Structures are given as structure tokens and as C-alpha cells.
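Produce the complete structure using the sequences and hints provided.
Protein chains: 6
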Amino acid sequence: MTAAMHLKLINPNTTQSMTDKIGACARAVAQPGTRIAAVSPRMGPASIESHYDEALSVPGILDEILAGEREGVDAYVIACFGDPGLYAARELARGPVIGIAEAAMHAASFIGTSFSVVTTLGRTCNLARHLAERYGMDRFCRNVRATDLPVLDLEKPGSDARRIITEACRQALAEDRSDCIVLGCAGMADLCGDIADAVGAPVIDGVTCAVKLAEALVSLRLPTSKRGDWARPLPKAYSGMLSPFALHG
Amino acid sequence: MTAAMHLKLINPNTTQSMTDKIGACARAVAQPGTRIAAVSPRMGPASIESHYDEALSVPGILDEILAGEREGVDAYVIACFGDPGLYAARELARGPVIGIAEAAMHAASFIGTSFSVVTTLGRTCNLARHLAERYGMDRFCRNVRATDLPVLDLEKPGSDARRIITEACRQALAEDRSDCIVLGCAGMADLCGDIADAVGAPVIDGVTCAVKLAEALVSLRLPTSKRGDWARPLPKAYSGMLSPFALHG
Amino acid sequence: MTAAMHLKLINPNTTQSMTDKIGACARAVAQPGTRIAAVSPRMGPASIESHYDEALSVPGILDEILAGEREGVDAYVIACFGDPGLYAARELARGPVIGIAEAAMHAASFIGTSFSVVTTLGRTCNLARHLAERYGMDRFCRNVRATDLPVLDLEKPGSDARRIITEACRQALAEDRSDCIVLGCAGMADLCGDIADAVGAPVIDGVTCAVKLAEALVSLRLPTSKRGDWARPLPKAYSGMLSPFALHG
Amino acid sequence: MTAAMHLKLINPNTTQSMTDKIGACARAVAQPGTRIAAVSPRMGPASIESHYDEALSVPGILDEILAGEREGVDAYVIACFGDPGLYAARELARGPVIGIAEAAMHAASFIGTSFSVVTTLGRTCNLARHLAERYGMDRFCRNVRATDLPVLDLEKPGSDARRIITEACRQALAEDRSDCIVLGCAGMADLCGDIADAVGAPVIDGVTCAVKLAEALVSLRLPTSKRGDWARPLPKAYSGMLSPFALHG
Amino acid sequence: MTAAMHLKLINPNTTQSMTDKIGACARAVAQPGTRIAAVSPRMGPASIESHYDEALSVPGILDEILAGEREGVDAYVIACFGDPGLYAARELARGPVIGIAEAAMHAASFIGTSFSVVTTLGRTCNLARHLAERYGMDRFCRNVRATDLPVLDLEKPGSDARRIITEACRQALAEDRSDCIVLGCAGMADLCGDIADAVGAPVIDGVTCAVKLAEALVSLRLPTSKRGDWARPLPKAYSGMLSPFALHG
Amino acid sequence: MTAAMHLKLINPNTTQSMTDKIGACARAVAQPGTRIAAVSPRMGPASIESHYDEALSVPGILDEILAGEREGVDAYVIACFGDPGLYAARELARGPVIGIAEAAMHAASFIGTSFSVVTTLGRTCNLARHLAERYGMDRFCRNVRATDLPVLDLEKPGSDARRIITEACRQALAEDRSDCIVLGCAGMADLCGDIADAVGAPVIDGVTCAVKLAEALVSLRLPTSKRGDWARPLPKAYSGMLSPFALHG
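Protein chains in written order, with full-length UniProt numbering: chain Z, 1 to 249; chain B, 1 to 249; chain F, 1 to 249; chain S, 1 to 249; chain L, 1 to 249; chain U, 1 to 249.
No lab work stands behind these hints: they were computed from the structure. Treat the hints with care, as some may be off.
[Said to hold, decoys possible] Here are the simulated distance ranges between beta carbons: (1) His248/F <-> Ser159/Z: 21 to 27 Å; (2) Ala37/Z <-> Arg139/L: 43 to 49 Å; (3) Gly122/Z <-> Gln16/U: 45 to 51 Å; (4) Arg163/U <-> Arg42/L: 45 to 51 Å; (5) Ser17/S <-> Arg163/B: 57 to 63 Å; (6) Ala67/Z <-> Glu175/B: 37 to 43 Å; (7) Asp138/S <-> Glu175/U: 48 to 54 Å; (8) Arg42/U <-> Asp138/B: 46 to 52 Å; (9) Gly72/L <-> Gly200/U: 54 to 60 Å; (10) Glu167/U <-> Ser159/Z: 34 to 40 Å; (11) Arg221/F <-> Gly72/L: 54 to 60 Å; (12) Arg163/U <-> Arg232/F: 30 to 36 Å; (13) Glu167/U <-> Arg139/L: 56 to 62 Å; (14) Ser159/L <-> Gly193/S: 47 to 53 Å.
These numbers were taken from a predicted model, which means no experiment stands behind them. Even for Gly, the Cβ is constructed at its ideal location relative to N, Cα and C.
What follows is the structure, given as C-alpha cells:
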């Protein structure tokens with residue numbers, strides 16, 4: 001049973017080349033009946049490398065979810081490794097919403113006893129650790145390793161990013177004694193297969209994992225539960241430039 | 001991309017009617033290209049309701065995995081809520097192996113902030129709690145509730161099982177304040193949709209979840225990592241009636 | 001040594017009567033040399049009762065922190081029990097930033113072996129639990145209890161809020177066997193003393209606690225560490241209506 | 001009060017020389033009134049070095065417990081560091097059943113603030129960590145170190161096992177800063193005293209610890225509780241070559 | 001092998017009738033070769049029912065350990081359920097020192113999946129919970145229940161203590177669904193067998209458990225490790241009435 | 001509002017030069033209205049470097065608290081990094097009692113995501129780790145590092161203590177990747193500012209933190225809760241040289 005479904009993939013940063021790249025990765029693993037819309041929000045940071053950037057990516061994400069609900073989207077993927085706005089998005093969405101850090105970490109726990117995350121800047125490592133804890137995946141996470149690559153270097157053709165990331169994965173396997181690698185940035189999605197071949201171990205990209213998990217939950221007719229925290233927010237007044245975000249009863 | 005794949009669904013108990021039922025549930029959610037073989041082992045207990053039963057279901061499961069590897073099976077589902085023999089199975093298998101407790105608990109964590117397990121006999125409740133801990137899902141598991149139904153009552157047409165389980169799900173939602181329900185026995189797979197309708201909340205069956213997760217991992221070309229604990233077991237002598245289980249180099 | 005200091009108290013919701021009320025509570029406990037500016041942001045929700053409201057309160061908070069840094073503010077208090085935007089605010093601020101949930105929970109751990117939180121809507125209870133975990137205070141938090149009062153009812157003269165909250169505190173002490181009570185909403189700050197008298201146990205309001213902690217850290221010359229996660233965010237482009245938030249090198 | 005008691009020591013692998021050796025170690029510490037029967041099962045692996053080997057050692061262990069109950073055995077020791085089949089065995093036994101990993105880790109926690117485990121193959125390290133967690137002993141376990149010695153090398157007179165293990169214990173004390181050492185394999189039982197002398201720190205062998213704990217529990221008239229999980233398994237049909245394991249009402 | 005050994009049982013309170021009673025219980029389970037000296041310290045509280053009493057019981061305990069080391073004592077039992085001064089005592093002692101809470105909780109974890117503690121005053125319940133955590137036994141401890149009996153009521157012939165404690169044990173089994181009971185006061189040692197008979201479940205007294213564990217460790221030649229925290233304290237000056245406690249180099 | 005208050009600072013060791021030094025540090029940060037009495041107890045060890053020393057420092061501390069209650073002291077600071085006797089002191093005191101380890105660790109968690117403790121002798125490291133756990137601060141504590149300086153070397157003018165401690169702080173920042181440093185001994189209080197300047201990161205001294213926290217709690221009219229564990233101890237007989245410690249009804 002492969003019903004047609006409409007999946008919206010939100011790249012929370014506003015860099016279109018990255019959005020196009022991860023859209024392509026997503027389509028490469030989707031089922032025949034899945035239509036994938038890959039979008040960047042209308043507002044927000046060019047890349048997400050701090051709590052500040054992350055917090056300010058959320059209005060744009062929620063704007064896309066609100067639009068998606070009007071369009072009848074079946075499920076969403078939030079394609080930034082910090083999973084920004086995940087719980088707020090779940091309040092708005094009827095169907096499932098999956099973050100790519102969440103997806104990658106869960107997938108890792110099915111195929112190995114331990115994983116290492118290889119990410120961009122060192123200042124985001126604690127963020128990944130907090131997510132691992134929130135999802136119950138800290139038991140499996142041996143380490144979070146920074147390459148100190150800025151996110152947008154992943155978009156620069158001449159950068160040394162691929163080599164640096166591959167090397168960091170190799171180190172993680174050897175020093176952390178992890179069974180597999182989780183890539184810590186949506187912008188690394190296109191490198192996943194090549195790195196796996198190079199290092200001889202499973203390498204997990206959250207974008208493609210999240211697409212398959214979202215498809216799975218839609219197939220299983222499992223929506224976001226509206227019984228608890230993730231019930232639809234109450235209608236109320238919003239002021240200033242955020243007044244368009246007011247929900248109505 | 002929906003490649004053809006061969007998925008083996010192992011019901012660890014030897015009750016054929018249950019195997020047939022859960023095979024049907026699995027096929028109802030599978031992708032068009034997925035071929036599902038639902039089997040019961042050649043040896044073992046008629047139902048699994050104790051550590052003793054569980055331990056003695058494992059040789060039969062491993063026998064099926066060994067056969068599956070010879071037949072080129074792409075992924076396995078172990079369809080008993082105790083996930084018996086999961087790690088030993090992963091040592092033998094090249095592709096992924098998914099347990100239904102594992103699958104259901106992870107799925108629950110994507111669509112709610114908390115779940116309650118509704119299961120059969122009280123003496124198996126700790127087993128479910130240990131699994132939740134092992135998978136990092138204890139953060140989300142508010143309670144494990146026994147109905148005190150023996151497993152095989154689920155196969156008896158005249159039994160009151162459906163009503164009793166539905167009632168226990170209702171109580172769990174009200175008293176545990178959980179967002180969704182995880183059904184704690186493969187034999188409840190066919191009741192999932194009806195109970196969800198009756199109680200007005202997501203109800204999760206591990207058999208169908210595990211099928212979709214196994215399909216997802218195969219699509220993502222993510223095998224079981226062979227770098228750590230789950231490397232293939234070393235060849236060695238086995239004696240007595242277990243001598244057929246000896247692996248060769 | 002009581003140096004003059006400038007403390008900015010940010011009520012993350014845009015309801016001015018609440019801002020005025022908690023400003024008065026703050027001033028009542030401040031040292032003579034402390035100047036307190038109590039503000040509501042220029043944008044955002046009228047009250048915060050969901051992850052959605054909370055996420056959308058953060059741009060307004062960060063706008064106030066950015067302004068505060070230009071004005072030479074010594075320390076900030078974020079006066080909503082969800083501590084929205086706390087880590088992003090710390091990235092921007094040179095001095096300390098204290099959330100009221102954080103302040104109240106820590107204070108409780110100094111004067112009792114356990115506390116119960118009494119808050120507004122049930123859907124925010126998990127949020128308080130997540131904060132307790134993040135701060136290491138879950139060991140002391142016996143329960144989070146909702147009164148099911150909407151936040152803005154606390155501002156309505158004729159509402160029954162005081163009686164309902166007092167009753168919930170009494171129940172918490174009796175049923176949870178907690179040593180003290182933490183009030184779970186900034187809007188309850190003015191009720192703290194009366195409830196303590198009524199229930200005969202310490203009752204803790206985060207607004208006043210946060211003011212005293214902020215004063216203490218400034219007196220101790222302890223700024224926010226800029227060595228790790230909370231270093232100043234990198235300059236980069238922001239687009240759409242959030243472009244004013246772009247930081248410059 | 002030293003009553004006569006009958007203690008059965010089950011070496012879960014089928015290597016008789018190891019069974020004889022650990023039987024001798026057990027007898028050397030037993031009380032005068034304790035009769036120790038050291039046995040290998042009638043079926044199963046020659047050594048246990050994987051989840052697969054461990055799972056397939058359990059039927060033989062349970063076969064020995066069933067026989068022991070018919071013979072009036074007072075307590076059992078399962079003498080493999082993975083404590084295979086421990087909970088299933090407790091379901092069958094009236095008296096106590098002690099695993100050697102459990103016994104050694106608990107003993108370590110009485111005489112030091114921390115211990116390191118020194119074991120055989122690296123692939124079994126996670127197994128030891130899982131046991132430490134299950135028993136609540138992970139707080140005390142600083143490290144699990146593999147020597148990469150196959151289990152049966154411990155039985156080879158000319159092997160370098162003693163030197164390699166002693167060296168690993170020395171490293172553990174120096175690098176992990178542990179207070180004492182737990183030997184991670186029953187086959188090391190005879191080395192315990194010599195290694196302790198060589199490294200100048202307490203070295204703990206689980207076989208002898210388990211014997212003393214079993215004697216203690218029998219002296220204290222403390223049986224396995226039959227109120228919960230470890231009640232006797234329900235009678236039911238078993239099929240195939242495992243049909244002799246069916247219990248009768 | 002049952003060597004002669006000298007075991008000192010220290011009742012940290014100064015109530016001689018309780019010391020005599022628990023000495024008798026200890027001797028009833030000891031091996032033939034074990035000589036048990038049961039003592040009360042020369043200074044300290046008549047009973048231990050607060051952190052204050054507990055702290056002030058420690059000088060007397062340490063005084064007895066210092067004397068015991070001069071007398072060649074092989075092992076010590078500290079017979080108060082708060083295990084007062086345990087770590088300081090281990091610094092002084094060459095042989096093992098066992099606390100009765102520690103002993104009872106560990107024993108409980110060998111014979112059941114869960115236990116409830118039944119103790120005296122409610123204000124000591126957190127103390128028992130902290131010990132359970134420190135020993136890694138919180139996983140097994142379902143509840144700590146107070147009877148609100150003062151400790152010295154256990155010594156009064158006409159008191160209703162036996163009935164009240166038995167009733168609390170019954171409630172614990174029913175409501176906590178625990179597999180066994182741990183008695184939370186040394187003064188209950190003589191009631192253990194009768195209560196077990198009355199409630200039909202294992203009931204564990206720490207005094208007798210600690211004696212058997214101490215004997216076991218001495219038989220195994222396992223001393224207190226002197227490599228870490230529990231090395232002998234450094235010699236130094238002590239002043240005032242505590243000057244006799246100064247150790248010399 | 002800065003009410004006059006009387007704060008008693010207890011240095012649990014009997015070395016008067018250290019008492020004077022930390023009294024001066026405390027007064028340097030106190031509010032104008034705060035009167036600080038810095039005392040050493042009348043009995044106990046010259047320095048605290050073991051569980052034994054710590055246990056025997058407690059009678060002297062409690063003696064000072066008893067005197068303080070008669071004198072109307074508003075709050076207490078226990079100025080030894082092991083926080084000896086903290087809970088017993090809280091039982092006696094009406095107002096708040098703050099330990100310096102507790103104060104420093106909490107302060108660290110407000111200004112950084114992680115801290116390292118730099119302390120004196122290695123044998124006290126576990127003690128600091130246990131406190132971090134007890135206070136919920138283990139999440140933030142990356143490491144506890146010993147300098148192997150005896151406590152009283154901090155009082156010797158010619159010692160190399162300042163250089164050694166500064167170097168250990170530098171190493172901690174670099175190797176542990178911590179955001180800030182907690183000084184692990186009251187005797188280091190006077191070095192705090194200089195080391196912070198030298199290493200370029202926040203360095204936290206517990207003595208001054210505890211003074212500010214105590215002032216804050218008194219200003220907030222938050223006393224020690226008397227509802228649970230920390231209710232006043234029951235009156236009872238004390239014997240031997242501790243008989244003056246008997247409380248009366």
C-alpha cells in the first residue's frame with residue numbers, strides 16, 4: 001500500500017542552494033507516490049550556527065507549517081540538525097513532523113550499538129547533545145565532533161569540506177569506537193554515500209532518514225497526538241510585526 | 001525509489017494462527033515491492049509469557065535468521081513484544097533486524113510526548129520496562145499496564161479480549177495522561193485501528209511499525225553495522241542437540 | 001559593597017498590566033542601588049501557553065536584549081516560567097541572564113528537599129518538567145500541577161485565581177509531600193507572600209528570585225562565559241522581516 | 001549456624017576443563033557444610049563470545065536448573081560473566097540463583113569506590129556494560145577493558161594469558177584510576193590471587209563471590225521471591241526439538 | 001574453608017537493649033568460626049532519627065573502629081539503617097566495613113526485581129532514598145514507607161510495633177507491587193522471620209545480611225581498597241574535645 | 001530593600017588564619033547592611049582532607065549553629081567545599097544554610113554550560129562528584145581535578161600554591177573544554193579574581209557565592225522549610241562527651 005502523499009521539507013535557513021540540494025537527496029529515496037516540496041522560509045538567517053540563529057529560524061518554519069496545513073500537507077521534515085521549532089510545529093500540524101537530528105539518531109540506534117555525530121562548528125556540539133538527551137538517544141551517542149567548518153562552506157564548490165568531514169568520520173570510528181556515524185548538518189546530505197564507502201561503516205544522513213520515517217508514519221495513519229502538549233495552540237492576540245502569526249478560534 | 005525487497009517476519013511463538021494474522025497485518029501496510037514471508041520457528045513455546053518462554057524462543061528465531069541469510073532476505077522483523085534474541089539476530093544478519101517493541105516505542109516518541117503500554121500478563125510488565133530503558137524510551141513511557149489476558153486468548157474467537165484491551169487503553173489515557181498507546185503484544189495487531197477509533201487517540205502496533213522501519217532502512221541502504229558487538233559470531237563447536245547451530249569459518 | 005546596577009526585566013508577553021505588576025514585585029526586593037527597567041517586547045503573543053507562543057515570544061526578547069546591550073544593561077531577567085530564549089539571550093549578553101523558572105527551582109533546592117510547581121494550563125506541564133531536567137532540578141521536583149487557569153485570568157480583578165492557586169498549593173503540599181511550592185507563572189508573583197501565609201510553607205516566586213540572583217552575580221563580577229556555546233553569534237545575513245536581526249562583525 | 005547445603009555451579013559452556021577448574025576454585029572458598037556440584041550443560045557452545053553464543057547457552061543452563069530442582073538443590077551459580085539466562089533460571093528455582101558478573105560487581109562496590117572490568121574479547125564489552133546498568137553497578141564501573149584473548153586460550157597451558165591479563169589489570173588501575181579490578185571471565189578464576197599480589201590491589205573473581213553470596217542467602221533463608229516476574233512459568237506446549245522443555249501444571 | 005574471624009557489630013545508638021538484641025540476631029546466622037562483638041559507642045544519641053542524630057553518632061562509631069583496628073578485628077558492621085560514617089570507617093579499617101542498609105538493599109536485588117523499605121519516622125525516608133541512589137539500588141526500590149514509630153518504641157515490650165510494621169509490609173506488597181520487603185531499622189531485626197511468615201514474601205533484615213556479607217568478604221580475602229578515597233586519613237592536629245581523634249603518622 | 005541581617009560564616013576547620021582570610025573575602029562582597037561573623041569551631045580537625053576529617057568537623061559546626069540560633073543569626077554559610085553537616089545544620093536553623101560547594105556549582109550553571117572543579121588532594125575528588133550529583137549539578141560538571149596541594153599549604157606564604165592552581169585552571173579550560181572554573185577549597189577564595197584575570201574565563205569561589213545566595217534568600221524571606229527532613233530534631237538523651245548536644249523539647 002503506497003498511497004500518494006504530500007511531504008513538505010523545510011530547510012530552516014534561507015540559502016536556496018542548500019534547499020535544492022537536500023530536496024534532491026530527499027526525492028532520491030522517496031516512494032513513487034510521495035510528492036516532496038523543498039522550501040526555505042520567507043524570513044530568517046542564512047545559516048544556523050548558534051542558539052540565536054536557531055531561535056530566529058523558527059518564525060519562518062512556523063510560517064511554512066501554517067501554509068502547509070492550508071495546502072493539505074501530509075507530513076513535514078525540518079531539515080536542520082538542531083531540529084528548530086519541532087514541538088511548536090507539531091502543535092500546528094495534523095500529520096507527523098520529523099526533525100533530521102531525531103531521525104538520524106533513531107536510525108543509528110537500529111543498526112549499531114553506538115554512534116558519533118560529526119558536525120560543523122564546535123559551538124553547536126552541546127546543542128546536539130541536548131537533543132540526544134531529549135530523544136533518549138544519549139545512551140547511544142558516544143561523541144559529538146566538530147569539524148569547525150562553517151555551514152555555508154558546504155555550499156562552496158572549491159572548499160575542502162568533503163575531505164575534512166571524511167577524515168573526521170574516520171577519526172570518530174577509530175577513537176570513539178562507535179559502530180556508525182551520524183552527519184550533523186543537512187548540508188552534508190549529498191556526501192553520505194561517498195563517505196560511507198570511504199570509511200567502510202554505515203553513515204547516516206538525517207534528511208533521507210526523516211523522509212522515510214515521515215512516509216512510514218503517514219502509511220501507518222499515525223498523526224501527531226492532539227491529547228497533550230501538542231494540541232493546537234489557543235487563539236490569541238499577537239502584536240507588532242508578529243501579528244500575522246495570531247491564530248483564530 | 002521503491003526497490004523490490006524481501007522481508008522476513010518471524011513470529012517467535014509457534015502458534016500458526018497468530019503468524020497468519022500478523023502476516024496479513026504486515027502485508028496491509030507494506031510497499032508494493034516488498035515481499036513478506038511470515039513464519040513461526042520449527043521449535044519453541046506456543047506463547048511467550050515469561051523469561052523462560054522468551055529464552056527458549058530464541059533458538060527457533062536464530063534458526064530462521066540463519067535460513068534467511070541463505071535465502072538472501074533483506075531485513076527481518078521479530079514479532080514478539082519482548083524483542084527476543086534481537087542482538088543475537090543482528091550478529092547473524094547483514095541487513096537490519098527490527099523488534100516490534102523497539103519499533104512501536106520509537107514511533108510513539110515521534111507523535112506524542114508520552115505513551116502507555118497495554119499488554120497481556122502482569123508478569124511481563126518489567127520486561128517491557130527493561131526494553132524501554134535499553135532503547136532510551138523510558139523517558140516517554142508513562143506506564144506499562146497488564147490486562148491479565150493470556151496471549152493465546154487473543155486467538156480465541158469468543159474471548160472478551162477486544163473489549164478488555166480497549167477498556168485498558170481508555171484507562172491508560174485517562175489515568176496516565178499519556179498522549180498515545182502502544183499495544184504490548186503482536187497478537188493485538190489486528191485490533192489497532194478499531195481501538196484507535198474507539199478511544200480517540202493514536203494507538204500503535206509494533207508489527208506494522210517494524211515493517212515500515214525495516215523497509216525504510218533497506219531503502220536507505222543502511223545495514224547492521226559489523227564494526228562492534230554485532231559482528232558475525234566466531235565459528236566454534238556446539239554440542240548436544242544444539243550442534244546444528246555451530247557456525248563455520 | 002552594593003554597586004549601582006542596571007537590571008532589565010523582560011516580560012516576554014505583551015500584556016502591559018502584567019509587566020507593571022512584576023516590575024513592582026521586582027523593585028520591592030531589589031537592593032537600593034539597583035535600577036530595574038521592566039519591559040514588554042515590541043512584538044509577540046499576549047500570553048504564552050504553548051510551544052508556539054513561546055517560540056514566537058523569542059524574537060521580541062532578543063530585540064530587547066540587543067537594545068539592552070547598547071544601553072549598558074548589567075543583567076537581565078526573562079520573566080516567563082518557560083524561560084524562553086534563555087540560551088540565545090546569553091549569547092548576546094555580556095552580563096548574566098536569568099530565567100525565572102531556573103531561579104525559582106534553584107532557590108527551592110536550597111530551602112527544601114523537594115518542591116511542587118503550581119502552574120496555569122495543563123499543556124505547559126511538560127515544558128516545566130523539561131526545564132527542571134535541563135537545570136538538574138528534576139531530582140527535587142516532585143510534581144508539576146496545573147490549575148487550568150489561562151494566564152490572562154491572573155490579570156482579571158474579578159477572577160477566582162487567587163483562591164484556586166492557593167488551593168492547588170495546599171493539595172501539592174499534602175499529596176506530593178513536597179517541602180515547598182514553586183509558582184509556575186510570572187503573573188503569580190504578587191500572590192507569593194499571601195499564599196505562603198495561607199499554606200504555612202515556603203512559596204517561591206521566580207521573578208523576585210531571579211532579581212536577587214542577577215544582583216548576586218553582578219556583585220560577584222561573574223559574567224556569562226564566552227568560551228563555549230554562549231559566545232557572541234557570528235555575523236551573517238538575515239532575510240525577510242527578520243533582516244533587522246542580522247548581527248554585524 | 002552452618003547448615004549443610006547443596007549448591008550447583010553451572011558453567012554455561014561445554015568445555016569440561018574449565019568446569020573442573022572453576023569447581024575447584026569454588027570448593028576452595030566454600031563453607032565446610034556446602035556440597036558443590038560443578039557441571040557443564042548437555043548442549044550448547046564450547047565458549048561464549050557473542051550474543052549468539054550466549055543465547056544458545058541458555059537452553060542447557062535451564063536444563064540443568066530443571067534437573068537441580070528435582071534433586072533439591074539449594075542455590076545455583078551461573079558461571080559465565082554474561083550471566084546468561086539468569087532471570088529465566090530464577091523463574092524455575094525456589095532458592096537463589098546468582099550470576100558471577102552480578103556477584104563480582106556487587107562485591108567490588110563494598111570494597112572500593114570504583115572498579116574496572118578486565119575481560120576477553122572486545123565484542124563482549126558492551127554486554128558487561130549492560131549488566132552493570134541492569135544491576136545498578138554502572139555508577140561504580142569506570143571501564144570495561146578487553147584483552148582480546150579468546151576464552152579458550154585461558155585453558156591452554158602454553159598461552160600468555162596470565163601475563164596479558166595481569167598487564168591489563170595494571171593499566172586499568174593506572175589509567176582508569178579504579179580502586180579495584182573485576183575479572184570478566186569465569187576462566188580467570190584461578191588467576192585471581194596471583195594477580196592481586198602482582199598488582200597490589202583487590203582483584204575480584206565472580207565465581208568465588210557468587211558461591212559466598214549464594215551460601216549467605218541460603219543461610220539467611222532468603223529464597224527467590226515468587227510474587228512478581230520470577231514466579232514459576234505457566235505450563236504450555238513446546239514444539240520441535242525443544243518439546244522436552246514444556247512445563248506441566 | 002571457614003577460618004576463625006573476629007567481627008565487630010557497632011550499634012551506632014547508645015541503647016544497650018537494642019545492641020544486645022541485634023547481637024543475638026547476628027550470632028544466630030554467623031558461621032561457627034565467627035566471633036561477634038556487639039557494641040554501642042561511648043558517646044552519642046540514644047536513637048537516630050534525624051540528620052543531626054546521625055551526624056553525632058559518627059564520632060562514637062569511629063572511636064569503635066579505631067579500637068577495633070588495635071584489637072585486630074577482621075570486619076565491621078554498622079548497624080543503623082542510615083549507614084552513618086560508612087566511608088570514614090572504611091578509611092580507618094583494613095578489612096571490610098558493611099552498612100546494614102547497603103547489605104539489605106543488595107540482598108533484595110538478588111531475590112526480587114523490586115523492594116519496598118518499611119521504616120520508622122517519615123523524616124528519615126529521604127535518607128533511605130539517598131542511600132539507595134548512592135549504592136545504585138534506586139532502580140529496585142519502589143517505595144520507602146514510614147510507620148511513624150519512634151525507634152525506641154521497638155524496644156518497649158507493650159508497644160504495638162510488631163503489628164504496625166507487619167501491616168505496613170502487607171500494604172507495601174499490595175500497593176507498591178514490590179517483590180520483597182527491606183526492614184528499615186536495625187531494631188526490627190528480631191521481627192524479620194515472623195513478618196516474612198505473616199506476609200508470605202521474603203522480608204530482609206540488614207543486620208543479618210551484613211554479617212553474612214562481611215563473613216563472605218573476609219573468606220574471599222577481599223579487604224577495603226586503599227588505593228583511592230578510602231586510603232588511611234592523613235595525620236594532623238585535632239582540637240578541643242575531639243583532640244583524641246588525631247591520627248599519628 | 002536591604003534589611004540589616006546577621007550572617008554567620010563557619011569555617012569547619014580550626015585554622016584561624018584561614019577563617020580570617022575567608023571572612024575578609026565574604027565582607028568584601030556583602031551588602032552594606034550585612035554583618036558577617038566568621039568563626040572556627042571549638043573542636044575538630046585543623047584541615048579537612050578525608051571522610052574522617054569531614055565527619056569529625058560536623059560536631060563543631062553544629063555547635064556553632066546551635067549558638068547562632070540562640071543569637072538570632074539570619075543565615076549561615078558552611079565554608080568547606082565538602083559542605084559538611086549541611087543537612088543536619090538545616091534541621092537546626094530557622095533561616096537558610098548554604099554550603100560553598102553548592103553555591104559555587106549553582107552559580108557556575110547560570111553563567112556557563114559546563115564547569116571544572118580545581119581542588120586540593122586527589123582523595124577528595126569523589127566527594128566533590130557526589131555533591132555535584134546530590135545537587136543535580138553533575139550535568140554541568142565536566143571534571144574534578146586535584147592539584148595534590150594539602151589544604152594548609154594554601155596558608156603558607158612561601159608556597160607555590162597560587163601558580164599551581166592557576167596552571168590547573170588553565171589545563172581544565174583547555175582539556176575539559178569547560179566554560180568556567182569552580183575553586184574546590186575555601187582556602188582559595190582570595191585567589192579567585194587574580195586567577196580569573198590570568199586565565200581569561202570566569203572563576204568561581206564558593207565562599208563569596210554562598211554569602212550572596214544567603215543574603216538573597218533572607219531578602220526574599222525564604223527560610224528553611226520545616227515540613228520534611230529538615231524539621232527540628234526530636235529531643236532525646238545524648239551520652240558521653242556528646243551529652244551537651246542533647247536537644248530539649
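Legend entry - Which numbered hints fail: Of the numbered hints given earlier, those the structure breaks are 7, 13, listed in rising order.
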